[in-house]
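**Student:** Take a look at the letters that make up each chain.
There are 2 protein chains.
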Amino acid sequence: MNRKQEALKRLTAIGKRVVDDIKNNRFPALEIPSRSVDNIIYDTKLRQYILGDEKIVRNAKNIKHLRAFTQLLWIAYFSKELLKNNKTSTLRDIYYSAQAYHVDFEDQDESDEMITELESIIKMPREDFNIYPEERSAIFGDLTIEYTVPGYEGKTLVLTTHPDGVMIGPALTTANFIKTSADKVIVIEKGALFTRFIEEKVYEKYKSILIATAGQAPRSTRYLIRRLNRELGLPVYIFTDADPWGMHIAMVIISGSANAAHVTDLVTPDAKWAGVWASDIKYYKLPSDPLTEIDIKRLYELKEDPRYNEEIWKREIDEFLRIKKKSEQEAFARYGLTYIVDKYLPTKLKEMEK
Amino acid sequence: MNRKQEALKRLTAIGKRVVDDIKNNRFPALEIPSRSVDNIIYDTKLRQYILGDEKIVRNAKNIKHLRAFTQLLWIAYFSKELLKNNKTSTLRDIYYSAQAYHVDFEDQDESDEMITELESIIKMPREDFNIYPEERSAIFGDLTIEYTVPGYEGKTLVLTTHPDGVMIGPALTTANFIKTSADKVIVIEKGALFTRFIEEKVYEKYKSILIATAGQAPRSTRYLIRRLNRELGLPVYIFTDADPWGMHIAMVIISGSANAAHVTDLVTPDAKWAGVWASDIKYYKLPSDPLTEIDIKRLYELKEDPRYNEEIWKREIDEFLRIKKKSEQEAFARYGLTYIVDKYLPTKLKEMEK
Numbered sequence: 000m001n002r003k004q005e006a007l008k009r010l011t012a013i014g015k016r017v018v019d020d021i022k023n024n025r026f027p028a029l030e031i032p033s034r035s036v037d038n039i040i041y042d043t044k045l046r047q048y049i050l051g052d053e054k055i056v057r058n059a060k061n062i063k064h065l066r067a068f069t070q071l072l073w074i075a076y077f078s079k080e081l082l083k084n085n086k087t088s089t090l091r092d093i094y095y096s097a098q099a100y101h102v103d104f105e106d107q108d109e110s111d112e113m114i115t116e117l118e119s120i121i122k123m124p125r126e127d128f129n130i131y132p133e134e135r136s137a138i139f140g141d142l143t144i145e146y147t148v149p150g151y152e153g154k155t156l157v158l159t160t161h162p163d164g165v166m167i168g169p170a171l172t173t174a175n176f177i178k179t180s181a182d183k184v185i186v187i188e189k190g191a192l193f194t195r196f197i198e199e200k201v202y203e204k205y206k207s208i209l210i211a212t213a214g215q216a217p218r219s220t221r222y223l224i225r226r227l228n229r230e231l232g233l234p235v236y237i238f239t240d241a242d243p244w245g246m247h248i249a250m251v252i253i254s255g256s257a258n259a260a261h262v263t264d265l266v267t268p269d270a271k272w273a274g275v276w277a278s279d280i281k282y283y284k285l286p287s288d289p290l291t292e293i294d295i296k297r298l299y300e301l302k303e304d305p306r307y308n309e310e311i312w313k314r315e316i317d318e319f320l321r322i323k324k325k326s327e328q329e330a331f332a333r334y335g336l337t338y339i340v341d342k343y344l345p346t347k348l349k350e351m352e353k
Numbered sequence: 000m001n002r003k004q005e006a007l008k009r010l011t012a013i014g015k016r017v018v019d020d021i022k023n024n025r026f027p028a029l030e031i032p033s034r035s036v037d038n039i040i041y042d043t044k045l046r047q048y049i050l051g052d053e054k055i056v057r058n059a060k061n062i063k064h065l066r067a068f069t070q071l072l073w074i075a076y077f078s079k080e081l082l083k084n085n086k087t088s089t090l091r092d093i094y095y096s097a098q099a100y101h102v103d104f105e106d107q108d109e110s111d112e113m114i115t116e117l118e119s120i121i122k123m124p125r126e127d128f129n130i131y132p133e134e135r136s137a138i139f140g141d142l143t144i145e146y147t148v149p150g151y152e153g154k155t156l157v158l159t160t161h162p163d164g165v166m167i168g169p170a171l172t173t174a175n176f177i178k179t180s181a182d183k184v185i186v187i188e189k190g191a192l193f194t195r196f197i198e199e200k201v202y203e204k205y206k207s208i209l210i211a212t213a214g215q216a217p218r219s220t221r222y223l224i225r226r227l228n229r230e231l232g233l234p235v236y237i238f239t240d241a242d243p244w245g246m247h248i249a250m251v252i253i254s255g256s257a258n259a260a261h262v263t264d265l266v267t268p269d270a271k272w273a274g275v276w277a278s279d280i281k282y283y284k285l286p287s288d289p290l291t292e293i294d295i296k297r298l299y300e301l302k303e304d305p306r307y308n309e310e311i312w313k314r315e316i317d318e319f320l321r322i323k324k325k326s327e328q329e330a331f332a333r334y335g336l337t338y339i340v341d342k343y344l345p346t347k348l349k350e351m352e353k
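Chains as they are written, first to last, in numbering that gives the first Met the number 0: chain A, 0 to 353; chain B, 0 to 353.
There's no promise every hint is true.
Intra- or inter-copy, both count: the list cannot distinguish identical chains.
[Said to hold, decoys possible] DSSO-like, lysine-lysine: derived pairs with alpha carbons at most 27 angstroms apart:
#	residue 1	residue 2
1	LYS86	LYS284
2	LYS284	LYS324
3	LYS342	LYS79
4	LYS342	LYS83
5	LYS206	LYS154
6	LYS200	LYS154
Source of the hints: derived by calculation from the structure; they are not laboratory data.
Just chain A, same shape as in the assembly (with noise of 0.2 angstroms):
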């Protein structure tokens, strides 16, 4: 059973329980994992941060429930009707498409509450009934790929047809990953890097998978991640800017979020942040700016994170402080557009496999 006929019977279930209920003169109830913060706890084993035994029940008998469990079962029925259309959707569509329904959402944000809640019921990522990000990011690298979304089932391609990349969406997030000559993945946080690992032939010379995540990583894009390290035993190296924010593009793709403690689909605890580092800076002598007080500030946060506990975070972190600087991944073209592939990549990688 793949993941969305399994996300297909869990919406079923919800909808059996509550028409039961009602059958039996009983009034209809639910219970749901609480997202409270007492109840969002860091797991050293997996290594993320999960949710506890806490639960409520919603009561279809407690007038005070009834607005959020009607909201909760439309939200249900319509993932249901979304992945028997076979047509993806994103938060924003919901808020609006609830209007059709006359289901009443004060703003989006208590629409994407309920999504969230419906996530942690079924326990699953709403990717998996077909409720995506609005942003896009990349990918590049030998792997063939079988399509599954309409219209393109059974079709195969290999995704180094297009030297600017492909788009991560809802057809390659539900793709099968047929072959591929990889042996491991690239993540990088500019576009504009991937383009130049693209052009100087990274995937090759690395045979590596390259993903942009553009940023912050959409939760389709960690989603594939994850699958191909699952899936096809790949280890995973992130490069990010040398500043607490791509620290955290790495750590998010590794260790995940709080806010989607009640999902565990979406991380790679497994996956390595193999720079840029704050030692980096000073090691390759990079053109740097002085850290901001936000910068300095948010450096401070990470320190109390459960999750940069472990060493080299602990230790990259003390250097940012020491050294109060940042650099960006484009600033190893001082020494040359393909100084980062020639020199800094295959040291880096060396020391990532030891």
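Knowing the structure of chain A, use the given hints to seat chain B on it.
**Tutor:** Chain B only, in chain A's frame:
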């Protein structure tokens, strides 16, 4: 001669002029079109901003000119190297690369300014000398292209191969158009709607090439839209959110920006803003939000802008100010996810084709 060869020729001409001056014991000097406000003129025939005839002369004899003169020559040299070596770059890369040559730029603004100056001298956009924007948008449709970038020379491909769309980067921007069954180009502001249009087979039903700008269209995307319009003779219809910012996304594709008055290859004056109009909000009873103060201020600015002189723009600006509302493209979801494709789009296209 293709555009890259033409750019190479013009860059070489700059160097030759300087060398000739030196050989003849003259201080080298260059004439540069003035980009001061009073030399930026709205050309009603070309329907875009252009530069007037004012020139400034930069002369190596003048010690105050020497720094900028050197910077400009270095940018021209570096661009020539990019072209010769088939490498692409970005504004930011250029700033950092200068350090490898000990050419001093105070900050990236200063190097950006010199690149703009070079564009104005050789009268070609920087994409022609391989300096591309960081941002990427996407394309999908029945268009067969032939790549010209190294490693892909002569490879042809149809842009329907990836149902999530293909990135518009240096390779696609410079590809040759071989054939298409499309009879129009539809440009869409939002990535999610682009996905919806692909899922609903808009490219087949309305024989169209689809482009997602993802906000303000990056320059290389505007360049590509112009090429589709000029080389294939395809009309271009632009769909944005119904607010002053969406309007302006359309306008910049159509008439360019004052900032780029010195290059004329980035505009598509015959492209049409097809919606979502202010008048559509009322006609389709779309869910809407009140205009903010900033929105309203922006509308009064647009009223003064010569690009907004045509009837449709004036009418829609006035309508926005009258109803004081704005809507998003996704607002059509209130009539079901496919309403925008089944009803709104064909109505609009019919209206446009009149």
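**Student:** Quick check: which numbered hints come out false for this structure?
**Tutor:** Checked against the structure, no hint fails, so every one of them is satisfied.
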